[in-house]
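A.B. asks: Each chain is listed here by its residues.
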Amino acid sequence: MIGALRAEWIKLRSVRANIILIVIALAIPVVLTFLIAAIAPFGGTTFDREVFGVAIITPAVVAAYLCGVLGVLGIGQEYRHNTIRVTLAAQPNRSVVLAAKTVVYGLFGLAIGVLALSLSFATGAICLAARDISFEVAIEPMIGAVLLCVLLTLFGFGLGAVMRQPAGAIPVFLIWPLIIEGIVGLILQSIDESLVRWLPFRAGQELANFTVAVDTEVFSRVVSGLYFTAWTAAIVALGWWLVERRDA
Amino acid sequence: MVIEARELTKRYGHRLAVDHLTFNVQPGVVTGFLGPNGSGKSTTMRLLLGLDRADSGSATFDGKPYRSYARPLEEVGALLDAGYVHPTRTGFEHLHALAASNRLPRRRVDEVLALVGLGEVGKKRVGTYSLGMKQRLGIAAAMLGNPRTLLFDEPANGLDPEGVRWIREFLKHLAREGRTVLVSSHQLAEMSQMADSLVVIGQGRLIEQCSVAEFVGRFANAWVRVVSPQMAVLSQLLGARGANLDFENPNTARVTGMSAREVGEIAAANGVVLHQLADTSGSLEEAYLQVTQPTVEYRGRPQ
Numbered sequence: 001m002i003g004a005l006r007a008e009w010i011k012l013r014s015v016r017a018n019i020i021l022i023v024i025a026l027a028i029p030v031v032l033t034f035l036i037a038a039i040a041p042f043g044g045t046t047f048d049r050e051v052f053g054v055a056i057i058t059p060a061v062v063a064a065y066l067c068g069v070l071g072v073l074g075i076g077q078e079y080r081h082n083t084i085r086v087t088l089a090a091q092p093n094r095s096v097v098l099a100a101k102t103v104v105y106g107l108f109g110l111a112i113g114v115l116a117l118s119l120s121f122a123t124g125a126i127c128l129a130a131r132d133i134s135f136e137v138a139i140e141p142m143i144g145a146v147l148l149c150v151l152l153t154l155f156g157f158g159l160g161a162v163m164r165q166p167a168g169a170i171p172v173f174l175i176w177p178l179i180i181e182g183i184v185g186l187i188l189q190s191i192d193e194s195l196v197r198w199l200p201f202r203a204g205q206e207l208a209n210f211t212v213a214v215d216t217e218v219f220s221r222v223v224s225g226l227y228f229t230a231w232t233a234a235i236v237a238l239g240w241w242l243v244e245r246r247d248a
Numbered sequence: 249m250v251i252e253a254r255e256l257t258k259r260y261g262h263r264l265a266v267d268h269l270t271f272n273v274q275p276g277v278v279t280g281f282l283g284p285n286g287s288g289k290s291t292t293m294r295l296l297l298g299l300d301r302a303d304s305g306s307a308t309f310d311g312k313p314y315r316s317y318a319r320p321l322e323e324v325g326a327l328l329d330a331g332y333v334h335p336t337r338t339g340f341e342h343l344h345a346l347a348a349s350n351r352l353p354r355r356r357v358d359e360v361l362a363l364v365g366l367g368e369v370g371k372k373r374v375g376t377y378s379l380g381m382k383q384r385l386g387i388a389a390a391m392l393g394n395p396r397t398l399l400f401d402e403p404a405n406g407l408d409p410e411g412v413r414w415i416r417e418f419l420k421h422l423a424r425e426g427r428t429v430l431v432s433s434h435q436l437a438e439m440s441q442m443a444d445s446l447v448v449i450g451q452g453r454l455i456e457q458c459s460v461a462e463f464v465g466r467f468a469n470a471w472v473r474v475v476s477p478q479m480a481v482l483s484q485l486l487g488a489r490g491a492n493l494d495f496e497n498p499n500t501a502r503v504t505g506m507s508a509r510e511v512g513e514i515a516a517a518n519g520v521v522l523h524q525l526a527d528t529s530g531s532l533e534e535a536y537l538q539v540t541q542p543t544v545e546y547r548g549r550p551q
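Protein chains in written order, with my numbering: chain E, 1 to 248; chain Y, 249 to 551.
Because the hints were derived from the structure by calculation, they are not lab data.
No residue lacks a Cβ here, since even glycine has one placed at the ideal position from N, Cα and C.
Hints should not be assumed to be uniformly reliable.
Claimed, not checked - Distance ranges between label pairs, derived from CB positions:
{"#": "1", "chain 1": "E", "residue 1": "R131", "chain 2": "Y", "residue 2": "G367", "range": "15 to 25 Å"}
{"#": "2", "chain 1": "Y", "residue 1": "G367", "chain 2": "E", "residue 2": "S118", "range": "16 to 26 Å"}
{"#": "3", "chain 1": "E", "residue 1": "L174", "chain 2": "Y", "residue 2": "G375", "range": "44 to 54 Å"}
{"#": "4", "chain 1": "E", "residue 1": "R13", "chain 2": "Y", "residue 2": "N469", "range": "38 to 48 Å"}
{"#": "5", "chain 1": "Y", "residue 1": "L363", "chain 2": "E", "residue 2": "V103", "range": "41 to 51 Å"}
{"#": "6", "chain 1": "Y", "residue 1": "T308", "chain 2": "E", "residue 2": "L242", "range": "42 to 52 Å"}
{"#": "7", "chain 1": "Y", "residue 1": "L379", "chain 2": "E", "residue 2": "V103", "range": "54 to 64 Å"}
{"#": "8", "chain 1": "Y", "residue 1": "A470", "chain 2": "E", "residue 2": "R245", "range": "45 to 55 Å"}
{"#": "9", "chain 1": "E", "residue 1": "L107", "chain 2": "Y", "residue 2": "S316", "range": "21 to 31 Å"}
{"#": "10", "chain 1": "E", "residue 1": "L242", "chain 2": "Y", "residue 2": "Q274", "range": "46 to 56 Å"}
{"#": "11", "chain 1": "Y", "residue 1": "E255", "chain 2": "E", "residue 2": "R245", "range": "50 to 60 Å"}
What the hints assert, rightly or not - Not close to chain Y: a few residues of chain E, all C-beta gaps over 12 Å, as computed:
{"#": "12", "residue": "H81"}
{"#": "13", "residue": "A100"}
{"#": "14", "residue": "L115"}
Put together the whole structure using the sequences plus the hints.
C.D. replies: So this is what it looks like as structure tokens:
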């Protein structure tokens with residue numbers, strides 16, 4: 001297992017597309033936070049907690065979605081370039097390969113999540129302080145944003161394992177939360193306001209929610225987080241099952 | 249290590265790619281794996297390695313399925329396709345990840361890169377490699393664990409003449425060391441210089457498994473080439489003893505149905521002068537085409 005973990009880590013850091021995505025994922029919390037914190041007109045009516053959320057949490061969540069794309073590539077690239085055959089010829093026990101990828105990408109999501117949030121925190125705190133704008137540090141959405149980064153990375157990995165080709169899986173991974181859940185959410189709202197709580201990415205984002213007003217139509221932060229975790233576990237499990245039984 | 253395929257069968261949709269295929273590969277010799285395009289050679293290789301699941305039948309290495317080896321690179325090395333690499337990884341990184349997965353020391357990566365002559369370009373991205381360099385990288389990957397058994401699918405593909413000669417000598421050397429070597433190739437002239445034993449398939453079925461000499465002897469015509477200034481006399485003498493003669497020119501004949509030795513003795517006994525007398529064995533190509541003709545799946549039509 002240790003060999004498989006090392007192999008996956010070497011593979012993760014030796015592909016140029018991955019390095020570019022990591023650089024972008026870490027640049028976003030600096031650049032986006034800087035733009036928001038330095039320019040956004042936070043009026044006197046904005047809560048301190050929401051200033052913190054908009055300037056510091058939101059950019060970290062954007063970085064988390066990029067980690068999800070990296071998760072897709074983690075297995076999709078292997079199928080795209082047929083290196084999965086080389087990988088599985090070297091380690092014919094597919095569970096070992098899949099377990100190693102899950103661990104490596106999960107830890108990678110955690111590391112990027114912590115780094116991204118630290119960068120946006122440092123950038124945001126400096127810029128906001130320079131403008132004399134007060135903000136309130138909220139711990140719960142910070143922890144939630146890091147967890148969301150881990151879950152999105154693993155969700156991407158699971159989706160990549162299910163769909164195999166990144167050219168298909170990456171658009172699905174981005175269109176699902178950004179467009180499909182938006183449209184389905186509108187339809188659901190017209191039927192019953194509380195149905196939106198069942199949309200997986202909507203629930204996942206609740207992890208990093210920083211608004212002051214409490215939305216009673218969605219689950220609490222913890223329940224939403226568990227609900228999205230269940231979705232992530234299900235898609236990873238489906239991916240494992242398919243990789244185990246399909247021809248490589 | 250003995251490779252054994254027993255009644256291997258694989259279907260893709262309605263197409264039967266491998267059909268109750270049974271053969272074995274012994275150590276100490278190079279075994280050539282021959283068959284027309286689409287005959288199931290690559291599929292068979294994937295079935296041996298458990299990459300594709302056989303619908304029925306079994307494939308074993310020393311009696312154990314490939315999947316039961318926890319660190320298989322030390323037992324079996326395979327080159328399936330030189331293109332199975334990520335173009336933005338370096339050759340070194342590609343091998344390093346493989347070595348790590350089997351707990352092989354990092355220095356093996358440098359060793360096998362040097363072994364295949366890629367020592368200089370190991371730190372370059374694979375996307376910049378020529379096909380021949382990718383082949384060498386694939387061979388390096390197969391050699392990482394210094395395995396007792398090697399599977400090579402078209403290893404000479406894309407290599408220049410010097411590279412082709414190198415791979416031929418390399419594979420023969422590996423077999424002489426007592427390893428098991430299974431190699432598929434379309435270059436029949438190469439194969440005849442390198443393989444001792446053959447597994448020939450067509451449309452997923454076994455056509456022949458035997459030694460190269462036996463295969464050529466059985467399926468290619470052998471003849472004796474005779475050059476004599478007294479051909480008229482000689483042809484009557486030989487014809488009377490049951491030989492068949494085809495004339496290339498008035499002084500030169502291809503004799504079938506009689507050995508060179510017999511032709512020489514008859515000529516001497518009758519005082520016929522010979523300028524040339526040679527056994528000409530048929531070629532592997534001739535035997536191969538003879539055997540696989542009915543099974544060829546993709547055939548060009550003469551215009």
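A.B. asks: Now tell me if each hint is right for this structure.
C.D. replies: Taking the hints in turn, this is what the structure says about them:
| no. | hint | verdict |
| --- | --- | --- |
| 1 | E:R131 x Y:G367: 15 to 25 Å | violated, 57 Å |
| 2 | Y:G367 x E:S118: 16 to 26 Å | violated, 42 Å |
| 3 | E:L174 x Y:G375: 44 to 54 Å | violated, 26 Å |
| 4 | E:R13 x Y:N469: 38 to 48 Å | violated, 60 Å |
| 5 | Y:L363 x E:V103: 41 to 51 Å | violated, 33 Å |
| 6 | Y:T308 x E:L242: 42 to 52 Å | violated, 27 Å |
| 7 | Y:L379 x E:V103: 54 to 64 Å | violated, 36 Å |
| 8 | Y:A470 x E:R245: 45 to 55 Å | holds, 51 Å |
| 9 | E:L107 x Y:S316: 21 to 31 Å | holds, 30 Å |
| 10 | E:L242 x Y:Q274: 46 to 56 Å | violated, 38 Å |
| 11 | Y:E255 x E:R245: 50 to 60 Å | violated, 22 Å |
| 12 | H81 | violated, 5 Å |
| 13 | A100 | violated, 9 Å |
| 14 | L115 | holds, 23 Å |
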